[in-house]
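Colleague: Now for the letters of each chain:
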Amino acid sequence: MKPEMQHKVILRVVSKFLIPFILLFALYVQWHGDFGPGGGFQAGVIFAAAFILYGLIFGVEKLRRVIPAWVTRSCLSLGVLTYAGTGVATLIMGGNYLDYNVISHVTTHGQHLGILLVESGVGVTVASAMITIFVAFAGQDR
Amino acid sequence: MVLLVFMLAVGVAIVRLRDLFAVVMLTGIFSLLGAAIYVLMDAVDVAFTEAAVGAGVSTVLMLGTLALTTSTEKVTPEANSLAALVLVLITGGILVYGTLDMPDYGDKTAAIHHHVVPRYLEKSGEEIDLPNVVTSVLASYRGYDTLGETFVIFTAAAGVLAIIGRRRRSRRTRGDDDDDDGDDNEETSTKEVSS
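These protein sequences, in sequence, are chains V and F.
The numbering of the first sequence is this note's numbering, which starts it at 1 and goes up by one.
The numbering of the second sequence is this note's numbering, which starts it at 1 and goes up by one.
The following block holds chain V by itself, in its conformation from the complex (with noise of 0.2 Å):
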């Protein structure tokens, strides 16, 4: 966003180190969400806040070049095609939609990969979602 943030050596050095583990913190809490607090929604925010963070110490420019815009716009779509997509599997495998029952013998497996397909699909829009707005509202002062 201001050009003048790459001559900030602390907040360069302290940004790129920390970047990794709030990724990492993000899958953590995506893939941590059926035992403890925390799912989709809040790792995607987190996923995406990794990328603001880079976006707000090196500029616009630069976080388009790591994750350009039809990255991100298909990821948008992908996520929501995610969810909608598990409920459609599972009326095709004979259950209601988003009766995640159907899609294993075990009923209680089929439950556990039922969340997880729509919570990465909430994490993966959400996260793009964050993103999209965030370039969009920074990216307009040039």
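Derived by calculation from the structure, the hints in this document are not laboratory data.
Quick caveat: nothing in here was measured; it's all calculated off a predicted structure.
Just so it is clear, CB atoms sit at the ideal spot from N, CA and C, and this is done for glycine as well.
One or more hints might be untrue.
Calculated from the model, a selection of chain F residues having no Cβ within reach of chain V, i.e. all distances over 12 Å [what the hints assert, rightly or not]:
1) Ala-9
2) Gly-34
3) Thr-72
4) Ala-83
5) Gly-93
6) Thr-99
7) Ala-110
8) Thr-146
Pair by pair, the computed Cβ-Cβ distance ranges are [unchecked claim]:
9) Pro-131/F <-> Leu-18/V: 23 to 31 Å
10) Gly-159/F <-> Glu-61/V: 32 to 40 Å
11) Ala-22/F <-> Leu-18/V: 21 to 29 Å
12) His-32/V <-> Val-96/F: 34 to 42 Å
13) Glu-61/V <-> Ala-43/F: 21 to 29 Å
Let chain V serve as the given structure and place chain F on it in line with the hints.
Modeller: Just chain F, lined up with the frame of chain V:
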């Protein structure tokens, strides 16, 4: 209780301050205090969301907006301040009156604890077999609602793109052009450059 007093102080400060940069920071603090209250109420999932969205991302988005506009509030002549005060008092009074009916916090006899909540708590262990009942409810029992929420997020991002996404790209074609999506319409760029 202490947190609520802090929230009240921050809220008053937000209203009084003219420096919008400080106001954005204070709204972030407001959200963080709200998240702390949710933690005290054992609603960690909600607190997590509040801290990440309210205190984190939305603060950044507001700062991004401030970078585009000005960072001081325009002082408007206080013509209707009395009428506005009366209106606010009436609205606030109605809202407080509405809360009088609500059950106390942690009340065992509250209606919400006698409908589906006991069923979820008792049956989700064998039906879903996940330790976190919140995830079971959100993703499985209430899967339709979460699908709707995901569509809301999708629509929000699509709306932002439709309103300001295109103008941004056409404006970028003016100078350092590394845009490679190839679907720009460049007619608007000349109009935008002049601003």
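Colleague: All the hints need checking, so say for each whether the structure fits it.
Modeller: Structure-based check of each hint:
no. : hint                               : verdict
1   : Ala-9                              : holds (27 Å)
2   : Gly-34                             : holds (15 Å)
3   : Thr-72                             : holds (18 Å)
4   : Ala-83                             : holds (35 Å)
5   : Gly-93                             : holds (35 Å)
6   : Thr-99                             : holds (27 Å)
7   : Ala-110                            : holds (23 Å)
8   : Thr-146                            : violated (7 Å)
9   : Pro-131/F <-> Leu-18/V: 23 to 31 Å : holds (30 Å)
10  : Gly-159/F <-> Glu-61/V: 32 to 40 Å : violated (24 Å)
11  : Ala-22/F <-> Leu-18/V: 21 to 29 Å  : holds (25 Å)
12  : His-32/V <-> Val-96/F: 34 to 42 Å  : holds (40 Å)
13  : Glu-61/V <-> Ala-43/F: 21 to 29 Å  : violated (40 Å)
Checked against the numbered hints given earlier, this structure breaks hints 8, 10 and 13; the rest are met.
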